[in-house]
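Chains A and B, in that order, give the protein sequences.
According to the working numbering, the first sequence is numbered sequentially starting from 1.
According to the working numbering, the second sequence is numbered sequentially starting from 1.
Just so you know, these hints were derived from the structure itself, not from any lab.
These numbers come from a predicted model, not from an experiment.
Incorrect hints may have been included.
Claimed, not checked - Straight line, CA to CA, 25 Å or less: simulated DSS-like cross-link-like pairs of lysine-lysine: (1) A:Lys62 with A:Lys152; (2) A:Lys9 with B:Lys116; (3) A:Lys239 with A:Lys152; (4) A:Lys129 with B:Lys246; (5) B:Lys177 with B:Lys116; (6) A:Lys3 with B:Lys119; (7) A:Lys129 with B:Lys200; (8) B:Lys119 with A:Lys286; (9) A:Lys213 with A:Lys187; (10) A:Lys69 with A:Lys56; (11) A:Lys259 with B:Lys246; (12) A:Lys187 with A:Lys202; (13) A:Lys202 with A:Lys213; (14) A:Lys8 with B:Lys119; (15) A:Lys9 with B:Lys200; (16) A:Lys69 with A:Lys229; (17) B:Lys116 with A:Lys8; (18) A:Lys9 with B:Lys177; (19) B:Lys65 with A:Lys129; (20) B:Lys116 with A:Lys3; (21) A:Lys259 with A:Lys229; (22) B:Lys119 with A:Lys9; (23) B:Lys246 with A:Lys239; (24) B:Lys246 with A:Lys229; (25) A:Lys129 with A:Lys152; (26) A:Lys62 with A:Lys259; (27) A:Lys56 with A:Lys42; (28) A:Lys259 with A:Lys56; (29) A:Lys229 with A:Lys286; (30) A:Lys213 with A:Lys200; (31) A:Lys3 with B:Lys200; (32) B:Lys200 with A:Lys8; (33) B:Lys54 with B:Lys279; (34) B:Lys177 with A:Lys8; (35) B:Lys65 with A:Lys138; (36) B:Lys54 with A:Lys138; (37) B:Lys177 with B:Lys279; (38) B:Lys177 with A:Lys3; (39) A:Lys97 with B:Lys279.
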Amino acid sequence: MDKLLRNKKALAVFMLPAFILFTLVLFIPIVQSVYYSFCDYKGFTAPVFIGIDNYKALLSDKTFGIALKNSIFFLIFSCVSQLIVGLFFAALLTNIKVGRNAFKNIIYLPCVLSSAALGLMWMFIFSPKLGINQLLEKWGVEEPPLWLMDTKGHIILPMWIIAFVALWQYVGQSMMLYMAQISGISKSLMEASYIDGCTKAKTFRYITLPLIKPMIATAMSLNAIGSLKFFDLIYNMTKGGPNHSTEVLATHLYEQGFKYFKYGYASAIGVVLLVLCLIVTLFINKVVKTEQYEM
Amino acid sequence: MSTKSLVAELTPASKNKKKITPIQVLIYVFLILISITYIFPLLWVFNVSFKTNKEIFTAPFALPKDVTFDNYSFAWTAGRLGVATLNSFIVCVAALVLSMIIGSMAAFGIARMRWKGAKLAMTYFLTGMMIPVHCVLIPLFTRFANLNLSNTLTGIILPYLTFSLPITIFIMTGFFKGLPNELIECACMEGANIFQIFFKICLPLGRTGLFVTGLMTFIGNWNELLVAMVFISDESKKTLPVALSKFVGPHATNYSQMFAAIVIAIIPTIVVYCAFSNKIVDGLTAGAVKG
Numbered sequence: 001m002d003k004l005l006r007n008k009k010a011l012a013v014f015m016l017p018a019f020i021l022f023t024l025v026l027f028i029p030i031v032q033s034v035y036y037s038f039c040d041y042k043g044f045t046a047p048v049f050i051g052i053d054n055y056k057a058l059l060s061d062k063t064f065g066i067a068l069k070n071s072i073f074f075l076i077f078s079c080v081s082q083l084i085v086g087l088f089f090a091a092l093l094t095n096i097k098v099g100r101n102a103f104k105n106i107i108y109l110p111c112v113l114s115s116a117a118l119g120l121m122w123m124f125i126f127s128p129k130l131g132i133n134q135l136l137e138k139w140g141v142e143e144p145p146l147w148l149m150d151t152k153g154h155i156i157l158p159m160w161i162i163a164f165v166a167l168w169q170y171v172g173q174s175m176m177l178y179m180a181q182i183s184g185i186s187k188s189l190m191e192a193s194y195i196d197g198c199t200k201a202k203t204f205r206y207i208t209l210p211l212i213k214p215m216i217a218t219a220m221s222l223n224a225i226g227s228l229k230f231f232d233l234i235y236n237m238t239k240g241g242p243n244h245s246t247e248v249l250a251t252h253l254y255e256q257g258f259k260y261f262k263y264g265y266a267s268a269i270g271v272v273l274l275v276l277c278l279i280v281t282l283f284i285n286k287v288v289k290t291e292q293y294e295m
Numbered sequence: 001m002s003t004k005s006l007v008a009e010l011t012p013a014s015k016n017k018k019k020i021t022p023i024q025v026l027i028y029v030f031l032i033l034i035s036i037t038y039i040f041p042l043l044w045v046f047n048v049s050f051k052t053n054k055e056i057f058t059a060p061f062a063l064p065k066d067v068t069f070d071n072y073s074f075a076w077t078a079g080r081l082g083v084a085t086l087n088s089f090i091v092c093v094a095a096l097v098l099s100m101i102i103g104s105m106a107a108f109g110i111a112r113m114r115w116k117g118a119k120l121a122m123t124y125f126l127t128g129m130m131i132p133v134h135c136v137l138i139p140l141f142t143r144f145a146n147l148n149l150s151n152t153l154t155g156i157i158l159p160y161l162t163f164s165l166p167i168t169i170f171i172m173t174g175f176f177k178g179l180p181n182e183l184i185e186c187a188c189m190e191g192a193n194i195f196q197i198f199f200k201i202c203l204p205l206g207r208t209g210l211f212v213t214g215l216m217t218f219i220g221n222w223n224e225l226l227v228a229m230v231f232i233s234d235e236s237k238k239t240l241p242v243a244l245s246k247f248v249g250p251h252a253t254n255y256s257q258m259f260a261a262i263v264i265a266i267i268p269t270i271v272v273y274c275a276f277s278n279k280i281v282d283g284l285t286a287g288a289v290k291g
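Construct the entire structure; sequences and hints are all you get.
What follows is the structure, given as structure tokens:
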């Protein structure tokens, strides 16, 4: 049997297809992308090495500044809000018996739907003349908010709306992960804490929370990467507008790369995105220390 | 719950059996409110999709006066959603089948074969989970243009397939590691070769895992917008999410048709979800719990 499982030829047959695909479609392009980011490369001409000029240009690019700010806002907002709301929903749902599955399935439902489609729906609801504002007008509100067209403030209203829509759509995923972890905690631990006189809140704080910490790290890194990759909702809700104020890294990359065909420049944005993803994942896994307890 | 047991629950006699505390009532009220925010927008989209464009501007929240199916027929034919649905289906099924075969083969190699690089190979595939697809778009785009793959369905199947591999390999490795050793030993004694062990024994036993990962990747690819938008500009090759954005014009948008298109785009996933919601949950947690 050992001979069978050490068979190099068979191993190659098993591993090579995945390995070749992965290398050709993922890793070589990544390396190429990093190289392009140091090149002057505009669509139809061959890439010419120009050093860090693209990155210098990024620093003076106003839209890139906005995109970076929005992406980081989005990252922090989704990590924090998904943690709090997801944990809250999970705690509520594990405390009820009747209808738990129904509520769980309803809250998770938008996660499987197309963000492109839902983005169009929210675009309508929050557009300045339609949707909610038609209702507000009927109720006699004099100056209804402009929603997705508003540009006042440091973090503008459209970004908040998009962030909340994203929370609405994806909180089910965090909730589901936390629920799975909470239901894995043995009942006797909970009972022991009740016997020792803990309230429900205290049990949650001192028993549940420490035990689901590993899952917090996992769910948070999933959220973080997801929020940095975020494209569909924003593209269909605002297309980065009004006046580039809701641009994020992904939409800026798309616009620079595939509207203006500045491949080199867009690659530099891609590299920034990649580095952010790696840093954030490492950071979360360092900060949320995963102590392993017996469950 | 039958009416009889419901009555029994509500009568005071059963009160000492189970008390409903005010907090529980509060939780239920809150959850019902939350559920409304989830269900209502979707029902509303469904509702508006039967209205005429004029009605949307005058009374968007009322029920439609005369139900019209014109929006659907327009979106399906003139809006080319029919073609787009077919394209989406082809792309997703191809990516799904290929990623299942290739992914589970690699997973078997990692989980069961005896070689030194297994851990390293796993790490190699798992880093794929952290890499956003945006970073590889430009090199892939130029490469595919040279290979005449841009504007073909193959051109998006390849990235979809590749980006589905990490999760497939991850979940299936867990599955194959869980199979008892005796099983493989036994097959060995009977004279099975390694491919028979994989295709005839391990793969059939891992079908729950396959099903779950299949669902996850199918839904993910079905909803994917960016790659499809970049690689496909030909109208007849567009997938559903891309075809949707065509309904929003820069100057005039026909909202009623847009809503019909939204319904067409989300109905398949809703159906799949209703049928397999528990499996999807399994897949999600299996993918997240690091082994």
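Now the hints, each set against the structure:
For the suggested pair lysine 62 (chain A) and lysine 152 (chain A), the alpha carbons sit about 17 Å apart, so the restraint of at most 25 Å is met. Taken as a hint, the lysine 9 (chain A) and lysine 116 (chain B) pair is honoured in the structure, with Cα atoms around 15 Å apart against an allowance of 25 Å. Simply put, lysine 239 (chain A) and lysine 152 (chain A) have alpha-carbon atoms about 18 Å apart, close enough for the 25 Å limit, and the pair holds. Distance check on the hinted pair: lysine 129 (chain A) and lysine 246 (chain B) sit about 21 Å apart at the alpha-carbon level, within 25 Å; holds.
Distance hint between lysine 177 (chain B) and lysine 116 (chain B) is fulfilled; the C-alpha atoms sit about 16 Å from each other, no more than 25 Å. A hinted pair counts as satisfied when its Cα atoms are at most 25 Å apart, and lysine 3 (chain A) with lysine 119 (chain B) qualifies at roughly 20 Å. Distance check on the hinted pair: lysine 129 (chain A) and lysine 200 (chain B) sit about 61 Å apart at the alpha-carbon level, beyond 25 Å; violated. Taking the CA atoms of lysine 119 (chain B) and lysine 286 (chain A), the gap is near 22 Å; set against the 25 Å cutoff, the hint holds.
A threshold of 25 Å between alpha carbons decides the hint, and for lysine 213 (chain A) with lysine 187 (chain A) the separation of about 18 Å falls inside it, so the pair holds. Among the hinted pairs, lysine 69 (chain A) with lysine 56 (chain A) is consistent with the structure: their alpha-carbon atoms are about 17 Å apart, no more than 25 Å. The suggested pairing of lysine 259 (chain A) with lysine 246 (chain B) holds, with an alpha-carbon distance near 16 Å, which does not exceed 25 Å. With a C-alpha separation of about 16 Å, the suggested pair lysine 187 (chain A) and lysine 202 (chain A) falls inside the 25 Å cut-off, and the hint holds.
The suggested pairing of lysine 202 (chain A) with lysine 213 (chain A) holds, with an alpha-carbon distance near 16 Å, which does not exceed 25 Å. Between lysine 8 (chain A) and lysine 119 (chain B) the CA atoms are separated by roughly 16 Å; this keeps the pair inside 25 Å, and the hint holds. Pair hint lysine 9 (chain A) plus lysine 200 (chain B) holds up; C-alpha atoms about 19 Å apart against a cutoff of 25 Å. Note on lysine 69 (chain A) and lysine 229 (chain A): the hinted pairing holds, with a Cα-Cα distance of about 14 Å set against a maximum of 25 Å.
With a CA separation close to 11 Å, the supplied pair lysine 116 (chain B) and lysine 8 (chain A) stays within the 25 Å bound. A distance of roughly 21 Å separates the Cα atoms of lysine 9 (chain A) and lysine 177 (chain B); the hinted pair therefore holds under the 25 Å criterion. The hinted pair formed by lysine 65 (chain B) and lysine 129 (chain A) meets the criterion: a straight-line CA distance of about 22 Å does not exceed 25 Å. The straight-line distance between the Cα atoms of lysine 116 (chain B) and lysine 3 (chain A) is roughly 15 Å, inside the 25 Å bound, and the hint therefore holds.
At most 25 Å may separate the alpha-carbon atoms for a hinted pair to count; lysine 259 (chain A) and lysine 229 (chain A) meet this at roughly 19 Å. A distance of roughly 19 Å separates the Cα atoms of lysine 119 (chain B) and lysine 9 (chain A); the hinted pair therefore holds under the 25 Å criterion. Among the hinted pairs, lysine 246 (chain B) with lysine 239 (chain A) is consistent with the structure: their alpha-carbon atoms are about 13 Å apart, no more than 25 Å. Annotation: proposed proximity of lysine 246 (chain B) to lysine 229 (chain A) holds, straight-line Cα distance about 23 Å (limit 25 Å).
Among the hinted pairs, lysine 129 (chain A) with lysine 152 (chain A) is consistent with the structure: their alpha-carbon atoms are about 18 Å apart, no more than 25 Å. Pair hint lysine 62 (chain A) plus lysine 259 (chain A) holds up; C-alpha atoms about 18 Å apart against a cutoff of 25 Å. Restraint check for lysine 56 (chain A) and lysine 42 (chain A): satisfied, since their Cα atoms lie roughly 17 Å apart, inside the 25 Å limit. Taking the CA atoms of lysine 259 (chain A) and lysine 56 (chain A), the gap is about 21 Å. The hint holds against a cut of 25 Å.
As the CA atoms of lysine 229 (chain A) and lysine 286 (chain A) are separated by approximately 22 Å, the hinted pair is consistent with the 25 Å bound. With a C-alpha separation of about 18 Å, the suggested pair lysine 213 (chain A) and lysine 200 (chain A) falls inside the 25 Å cut-off, and the hint holds. Note on lysine 3 (chain A) and lysine 200 (chain B): the hinted pairing holds, with a Cα-Cα distance of about 19 Å set against a maximum of 25 Å. Our distance criterion of 25 Å between C-alpha atoms is met by lysine 200 (chain B) and lysine 8 (chain A), whose separation comes to about 20 Å.
For the suggested pair lysine 54 (chain B) and lysine 279 (chain B), the alpha carbons sit about 42 Å apart, so the restraint of at most 25 Å is broken. Between lysine 177 (chain B) and lysine 8 (chain A), the direct Cα distance comes to roughly 20 Å. Compliance with the 25 Å bound is thereby established for this hinted pair. Taking the CA atoms of lysine 65 (chain B) and lysine 138 (chain A), the gap is near 19 Å; set against the 25 Å cutoff, the hint holds. Between lysine 54 (chain B) and lysine 138 (chain A) the alpha-carbon distance is near 17 Å, which keeps this suggested pair within the 25 Å criterion.
Of the pairs offered as hints, the one joining lysine 177 (chain B) and lysine 279 (chain B) holds, with about 20 Å between alpha carbons and a cut-off of 25 Å not exceeded. Pair hint lysine 177 (chain B) plus lysine 3 (chain A) holds up; C-alpha atoms about 19 Å apart against a cutoff of 25 Å. At roughly 20 Å between alpha-carbon atoms, lysine 97 (chain A) and lysine 279 (chain B) fall within 25 Å of each other, so this suggested pair holds.
Checked against the numbered hints above, the structure breaks hints 7, 33 and satisfies the rest.
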